[in-house]
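> Here's the letter readout for the chains.
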Amino acid sequence: MTFLLTEDQEMLRDTAMAFARDEMPVTRLRQLRDSGANGVDAETRQKLAELGFFGVIIPDEPGGEHFGLVGLGQVLEAQGRTLAPTPVLQTALIAASALQLGGSAEQQAEWLPKIAGGEASFALALDETAHFNPLGIATEAESNGQGYTLNGMKRYVPDAHHADSLIVVARTFGEAGDRHGLTLFLVPADAKGVSIQALHSVDSHGAAHVTLEDVMVPESAIIGALDKGADVLEPVLDRAAIGQAAEMLGSADAAFEMTLEYLNSRKQFGQLIGSFQSLQHRAAKMFTELELTRSCISAALSAVDEGKPNVAELASLAKARASELVHLVSNECVQMHGGIGMTDDADPGLYMKRARVQEALYGSASWHRDRYARLAGY
Amino acid sequence: MAYDESVDLEQFRAQTREWLEENCPPSMRTPMKDDEIVWGGKREKFKNPEAKLWLERMGEKGWTSPEWPAKYGGGGLSRAQNRVLQEELRRIKARPALFSFGLWMFGPALLEFGNEEQKLRFIPDIVKGKTRWCQGYSEPGAGSDLADLQTRCEDKGDHYLINGQKVWTSYADKADWIFCLVRTDTSVKHEGISFILFDMESPGVEARPILLISGESPFCETFFTDVKVPKDQLVGEVNGGWQIAKRLLQFERSSISAGGFGGTGGSGILGPEEYAKMHIGTDSEGRLIDGDLRGRITDHKMYAKAFNLTVQRQAEQAKAGQQVGHTASILKYGAAKMNQDRHELLVEALGTEGLGWEGEGFDPSAKKVTRQWLRSKGNSIEGGTSEINLNVISKRVLGLKDHK
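Heads up: the sequence lines are chains A and B, in that order. 91 is the number that the working numbering gives to position 91 of the first sequence; each next residue is one higher, with no gaps. Each number in the working numbering comes from the position in the second sequence (counting from 1) with 378 added on.
Don't read these hints as lab results, they were simulated from the structure. Note that CB positions come from ideal geometry on N, CA and C, so glycine has one too. Among the hints, erroneous ones may be present.
[Said to hold, decoys possible] Here are the simulated lysine-lysine pairs, PhoX-like style, with alpha carbons at most 25 Å apart: (1) B:K624 x B:K746; (2) B:K430 x B:K624; (3) B:K624 x A:K285; (4) B:K430 x B:K534; (5) B:K425 x B:K508; (6) B:K439 x B:K423; (7) B:K779 x A:K267; (8) A:K267 x B:K755; (9) A:K285 x B:K779; (10) A:K285 x B:K773; (11) B:K697 x A:K308; (12) B:K439 x B:K449; (13) B:K746 x B:K411; (14) B:K773 x B:K715; (15) B:K715 x A:K285; (16) A:K285 x B:K782; (17) B:K683 x B:K655; (18) A:K228 x A:K308; (19) B:K508 x B:K411; (20) B:K552 x A:K308; (21) B:K425 x B:K552; (22) B:K411 x B:K430; (23) A:K285 x B:K755; (24) A:K285 x B:K683; (25) A:K267 x B:K773; (26) B:K755 x B:K745; (27) B:K508 x B:K449.
[Unchecked claim] Far from chain B, some chain A residues (derived; all Cβ distances over 12 Å): (28) M17; (29) G136; (30) A284.
Can you build the whole structure from these sequences, using the hints too?
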């Protein structure tokens, strides 16, 4: 395992950080929110595509070099710093990984270049209840002779309000809760019977409920093997959790820096408030949590690239700790800013709102703690 | 021909392996027993005679301190060679030949601040484990505010005269020499402190062990009454000791966080989840029945994993020449929290089995847990309290300002 970036990854990181700072600062999110764009930003998406950020884990030639998940983690961390809504996690990480791990040669040849070029966007339609529960799938896919007919309802699907394609997790066998019997389907978002209900979420990134009513897809729409979708889904969700955690690290870092700046500039009782020991100690504890969590995320990203057997354990470690970190740092950011932190004009509230969404996606801290314990056998 | 270090390293590995094969006694390749740890010094009893042999052989090579210069008795190895040595030692599961404050704290500081004569005089006996050192820092009135220390050191022309009292002096009753902070100027605070060395057998030195809540006495109260010290035993400048003191504290904090606290993971002690399975039980899917305890154990295990990954990350960054900055305090703070949480969970998971003190009727490993749990309460006090470490992080790392 390595905690160090290669020279190429270092350059990618610098580019991503500069891009987030200059092209998609927090004010961009405010503009999108205030104009009612609901997190849809075609202009930024185009620029991200030009920089190659959608192809970070996709080699030019099959089997060729790429930046790896470590590289993509740098891009996600950068966009987390400024809370930018982009399709990178859903499309460049989740869809690309699903296709790489489970896609047929035809699917890969058709979709991976389009993803890398920023010409295709995806959304993973997974959850059916308000809590992450990847095996609790009731959406049915029934064989109809020529293909499958899908019926069901997916809740709070990130990016589904603007993606061109959906990756739908459906049940072809068994009952909700069974690991066996899940199948992944590639479904065009404009297919007959798909209805998308856009949601206006607290973080202004948006999402959608997706209803599938007698949606017909051919057999070639299956990603991976029939009934064995979990074999693809689980490693994809581990990577999603790690990628989400990398984004959260960026958000926590930025919120913490903002808090430190405020502690070092705001005066009360004739003193900088940062000179009060009760605030200093809370800042020092946050810093310790940040540094510990940074190591976990770095280890998890590189474990994927190195094909280590403990990816699931490290994914749960990274996501659980990142969830606790953004929760703590965003709350303290609001509190330490005092009344200013309660105003819409100031940024702390934006970080807190986004934090709660980040915490819920791909498994909350308690979901991942439970899995960490199960993996450790107790 | 270009110099190829890897060829040399492979040769060094082969030689090292051969040497260890011949010189590391069989019992020194078995897990360390608590009562066979060697601290060296004149009063070392060597419960296991092979431990004596092992120390002599390692000391002769200078391999108790592999990277220290050979002219002071150190191993004179490069960093790369030392890595090879450590790998080979781990390969045969060799015990450390010597535990020593001299190796971990005083030696590194003396190499940095001592004069040539002092280094030649003191370092070789640290390497060979012939002198056991103790640390004279805290005083009854100077704990967290260490610089407020009052032990007086007066210049009497041809010698210094020391009067005062130290406390929490680890193993002062077993040490041969002390490195000690003393006051040479009473009109200023930090700028009036000097760093001095003397023999614990000097007339006027008395060490009294302090009985702790854990039933052990690793620390002493140490009294100095008209102790005469030769003038060449003062390190650095008169009144320049605070700089040395701080540097030495960094060595101390990093040795605590790297090596863990005394007693962690001691022989025969299981993880909290194992005791919980044993004494509380699991459901049909193998999960602990007490879901709340299960969650808290997991929280702790995640913290411990994150801590260990951070130690690895910093080691890698340091090796690559990257700035790791003031990380010692982060790790010291984290190590204390981790060890205390672990022991609270161990005692909780053991239930009444974890409440034994002595005698029959309790699992022996559980009795050890009870003692270690009590001992762990000192982790957030010794070597700089957690509160002081948080002060250091906020001021030196985060740049927060002092209260006016």
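> None of the hints should be skipped; say for each whether it holds.
Hint check:
1. B:K624 x B:K746: At roughly 34 Å apart (the allowed maximum being 25 Å), B:K746 and B:K624 break the hint.
2. B:K430 x B:K624: Roughly 34 Å separates the two Cα atoms, so the pair is violated.
3. B:K624 x A:K285: 22 Å, holds
4. B:K430 x B:K534: 41 Å, violated
5. B:K425 x B:K508: 16 Å, holds
6. B:K439 x B:K423: 22 Å, holds
7. B:K779 x A:K267: 12 Å, holds
8. A:K267 x B:K755: 37 Å, violated
9. A:K285 x B:K779: 17 Å, holds
10. A:K285 x B:K773: Cα-Cα ~13 Å, so holds.
11. B:K697 x A:K308: 23 Å, holds
12. B:K439 x B:K449: Measuring from Cα to Cα gives roughly 12 Å; hence the hint holds.
13. B:K746 x B:K411: Roughly 13 Å between the alpha carbons, so the hint for B:K746 and B:K411 holds.
14. B:K773 x B:K715: 20 Å, holds
15. B:K715 x A:K285: Holds, at about 11 Å.
16. A:K285 x B:K782: 23 Å, holds
17. B:K683 x B:K655: 21 Å, holds
18. A:K228 x A:K308: 22 Å, holds
19. B:K508 x B:K411: 21 Å, holds
20. B:K552 x A:K308: 48 Å, violated
21. B:K425 x B:K552: Holds. B:K425 to B:K552 sits at ~15 Å (cutoff 25 Å).
22. B:K411 x B:K430: 15 Å, holds
23. A:K285 x B:K755: Holds, at roughly 19 Å.
24. A:K285 x B:K683: Holds, because 17 Å separates the two Cα atoms, which is no more than 25 Å.
25. A:K267 x B:K773: Holds, because 17 Å separates the two Cα atoms, which is no more than 25 Å.
26. B:K755 x B:K745: Answer holds: B:K755 to B:K745 is near 16 Å, not above 25 Å.
27. B:K508 x B:K449: 17 Å, holds
28. M17: At roughly 17 Å from the nearest Cβ of chain B, A:M17 sits farther out than 12 Å, so the non-interface label holds.
29. G136: 16 Å, holds
30. A284: 4 Å, violated
Comparing the model with each numbered hint stated earlier shows that hints 1, 2, 4, 8, 20 and 30 do not hold.
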